[in-house]
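The listed protein sequences derive, respectively, from chains A and B. So for the first sequence, the working numbering puts the first residue at 137; every next one is plus one. So for the second sequence, the working numbering puts the first residue at 14; every next one is plus one.
A hint or two may mislead.
Incomplete in silico selection of chain B near chain A, CB under 7 Å [as the list claims (entries may be wrong)]:
1) 20
2) 38
3) 42
4) 78
5) 126
6) 131
7) 230
8) 288
No lab work stands behind these hints: they were computed from the structure. The beta carbon of each residue, even a glycine, is placed where N, CA and C say it ideally should be.
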Amino acid sequence: MQTEKRSRLIVLEIVAFALAILILIPFFMILVNSFKDIRESALFGLGLPSAWKLSNYRDVFEQANILRGFKNSVMISASVVVCVNLFASMAAFVIQRRDDKFLRGAFYMFIVGLIVPVSIVPTIKLMSDLHIKGTYFSLVMYYTAVLLPFAIFMLVGFMKSIPRELDEAALMEGSSYFRLYVQMILPLLITVLVTVTIVVLVSVWNDFFGPFYLMTDSTKWTLVLQVFNFVTLYSTNWGVVFAFMVMVVAPVLIIYLFLQRFIIDGLTAGSLKG
Amino acid sequence: MKGSKYPLYFAFPALAVFLLFFITPTVIGFYYSFTDWNINADTISFNGLDNYRALFQEPRLLTAFKNTLIFAAAVTVFQNVLGLGLALILNEALKAKNFLRMIFFMPYVISPIVIGYIFRAIYHPSNGIINQALNSVGLGFMAQDWLNDPKFALFSIIVTDLWRVTGFSMVVYLAGLQFISKDLIESSSMDGAHYWQRFRFIVFPLLAASLTVNVLLAMINSMKIFEMVMVLTDGGPGYTTEVFFTYIRNMFSTGQFGYATAVNLMLFVLVTLIGVPVLMGLKKREMEY
Chain A
137 MQTEKRSRLI VLEIVAFALA ILILIPFFMI LVNSFKDIRE SALFGLGLPS
187 AWKLSNYRDV FEQANILRGF KNSVMISASV VVCVNLFASM AAFVIQRRDD
237 KFLRGAFYMF IVGLIVPVSI VPTIKLMSDL HIKGTYFSLV MYYTAVLLPF
287 AIFMLVGFMK SIPRELDEAA LMEGSSYFRL YVQMILPLLI TVLVTVTIVV
337 LVSVWNDFFG PFYLMTDSTK WTLVLQVFNF VTLYSTNWGV VFAFMVMVVA
387 PVLIIYLFLQ RFIIDGLTAG SLKG
Chain B
14 MKGSKYPLYF AFPALAVFLL FFITPTVIGF YYSFTDWNIN ADTISFNGLD
64 NYRALFQEPR LLTAFKNTLI FAAAVTVFQN VLGLGLALIL NEALKAKNFL
114 RMIFFMPYVI SPIVIGYIFR AIYHPSNGII NQALNSVGLG FMAQDWLNDP
164 KFALFSIIVT DLWRVTGFSM VVYLAGLQFI SKDLIESSSM DGAHYWQRFR
214 FIVFPLLAAS LTVNVLLAMI NSMKIFEMVM VLTDGGPGYT TEVFFTYIRN
264 MFSTGQFGYA TAVNLMLFVL VTLIGVPVLM GLKKREMEY
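My request is simple: use the sequences and hints to build the entire structure.
So this is what it looks like as C-alpha cells:
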C-alpha cells in the first residue's frame with residue numbers, strides 16, 4: 137500500500153515536471169537566442185550560441201530608449217497602484233458597511249464594469265474633449281477606471297469578514313470614520329491590497345491596448361509599446377529583439393519570484409471570498 | 014438604517030473616476046454607434062441604423078463573431094480542464110509542488126504581446142522549434158505552417174493562450190482545494206470510494222465557487238482577446254483568425270469611428286448575453302450543492 141502510494145506520487149511528479157518543461161522552453165528559447173548573432177538567432181534554435189554575443193544587449197540600450205520606457209512604465213504603474221488601492225478601499229469600506237440602495241446600485245455598476253469591454257474609440261474622443269489626450273494623467277485614469285471594478289469586487293468580499301463590532305468599538309471610543317478607516321480597516325485589508333497591487337502591476341506593466349490607443353507621443357511610451365515598435369523596425373535581427381524581450385520580461389519575473397508566495401496565497405484568499 | 018452613518022463621500026473618488034472614464038465613454042459610445050462619425054467628416058451626424066445594417070451584411074464581422082466564439086469556448090473549456098488537472102496533481106504531497114506551482118503560473122505575469130512574438134518564432138514553418146522537433150523524431154509529415162495555414166491558425170492562437178492562462182486557473186482551483194477538509198477525503202476513501210468517485214461526488218462539487226470564478230473570467234477575458242491575435246496573425250490568413258478587437262482596430266485605423274463603435278457595442282452585447290446567464294447558472298448551481 138505504502139509503496140503503491142509512493143510510486144503513484146513519483147509518476148505524478150514526473151508528469152508535472154514534463155509539463156513544467158513545456159512552460160520553460162519558450163523562456164529558454166528567448167534567453168539563448170538573445171546571445172546569438174543575426175544569422176544564428178534567426179534559426180530560433182534551443183542550442184547554445186556558437187559565440188556569445190553580449191553586444192545585442194548593448195545595441196538595445198543604444199537604439200531603444202529602453203530606460204525612458206522603463207521610467208514611463210514604472211511611473212504609470214505606480215500611479216495606478218496608488219489610485220486603485222486608495223479609491224477602491226475607501227469605496228469598498230462604505231459600500232459593504234452602509235449597504236443602502238444607492239451604494240448597492242453603485243456596486244452593481246462596478247460589477248458590470250468587470251464584464252463589459254472598454255469602448256475604446258469613444259474613450260479616445262472623451263480624452264481629447266477633456267484636453268488630456270496623450271498625457272500620463274489620461275492613461276492613469278483609464279487604467280484606474282478599468283481596474284477599479286476588480287479591486288472593489290475583491291475588497292467588498294473581504295470586508296464582509298471584518299466584524300462590525302470592531303467599528304462599533306472604535307467609534308464608541310470617539311474615533312472618527314476617517315480614523316477608523318485609516319487605523320483599523322486599512323491594516324486589516326492588507327492581504328487583499330497586496331493581491332490587488334500585484335494584479336494591477338501585472339495588468340498595467342504588460343498592457344498594450346491602453347498606450348497603443350491613448351499615447352501618440354513616443355516619449356511617453358511604456359516598455360511594451362516600445363517592444364512592439366522595436367520588433368516592427370528591427371525584426372531582421374532577432375538576437376537584438378530577443379535581448380529587448382529578456383530585458384522587458386526580467387524585471388517582472390524577478391518581482392514575481394520574490395512575491396510569488398503572496399500572489400498565490402493572495403489569490404487563494406481573495407478569489408473565493410467575493 | 015444600521016450603516017447609514019458611514020460617510021457616503023468615501024465612495025466618491027472611485028465613483029467619479031469610474032463614471033467619467035468608463036461609464037461615460039460606454040454611454041456616449043452608444044450614441045456614436047448611430048452616427049456617421051468618421052475621419053473625413055467635419056461634423057458628426059445621426060444616421061439611424063445605417064451602421065447596424067452595414068454590420069450585419071459584413072461577412073468579415075460574421076467571421077470575427079464566429080472566431081471569437083470558437084476561441085472563447087475552446088479556451089474556457091481547456092483552461093479549466095487543464096487547470097483543474099494541474100491543481101489536482103499539485104495538491105498531492107509532491108516534493109517539488111511549490112516550485113512547480115511557481116513555474117506554471119509564470120507565463121501569466123508576462124505581457125501577451127511578448128508571448129505573441131515568442132510563439133511566432135516557435136511556430137516558424139522551417140526554423141520554429143515545433144516543426145524542428147517533429148522533423149527530428151520522424152514526424153515531419155505533421156509539421157505545418159502553423160500560423161499561415163487557415164486550418165491551423167486559430168488553433169495555434171488557442172494553444173498559445175492556453176500556455177499563458179492555464180496556470181491562473183490552476184491557482185484558483187488550488188485555492189478551492191484548500192477549503193476541502195482532509196477528514197472528508199479520508200472518510201470517503203475508508204468507505205471504499207475510488208479516486209474517480211471521490212472526485213465526481215465530493216471534490217468537484219465542493220469546487221463550485223472556484224469553477225464559477227474560473228469559467229467566468231476565462232470566458233470574459235477570451236472574448237476580449239486582442240494583442241496575441243494581432244501579433245501572431247493579425248486576423249489572417251485572409252480573415253480566418255479575425256476577432257472582434259482586431260476588426261475594431263482595423264475599422265478604427267481606417268477612420269470609420271462610428272462604425273467601429275457599433276462593432277464594439279456588438280461585442281458588449283455578446284459578452285453580456287453569454288456572461289450573465291452563465292454567471293447566474295453557475296451561482297444557482299453553487300447553491301444547490
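Do the hints match the structure? See the list:
1. Taking 7 Å as the C-beta contact cut-off toward chain A, the hint placing residue 20 of chain B at the interface holds, the least distance being around 5 Å.
2. A least Cβ separation of about 4 Å between residue 38 of chain B and chain A falls short of the 7 Å threshold, and the interface hint therefore holds.
3. Proximity of residue 42 of chain B to chain A holds as hinted, the smallest CB-CB distance being about 4 Å (cut-off 7 Å).
4. Of the supplied interface hints, the one on residue 78 of chain B is violated, with its beta-carbon coming no nearer than about 14 Å to a beta-carbon of chain A, more than 7 Å.
5. Because the closest C-beta pair between residue 126 of chain B and chain A is about 5 Å apart, less than 7 Å, the hint holds.
6. Here the hint on residue 131 of chain B is kept, as its CB sits about 5 Å from the closest CB of chain A, short of 7 Å.
7. At its closest, the beta carbon of residue 230 of chain B sits 9 Å from a beta carbon of chain A; the interface hint therefore is violated under the 7 Å criterion.
8. For residue 288 of chain B, the shortest C-beta to C-beta distance to chain A is roughly 5 Å, which falls under 7 Å, so the interface hint holds.
In the structure shown, a violation is registered for the earlier hints numbered 4, 7, in ascending order.
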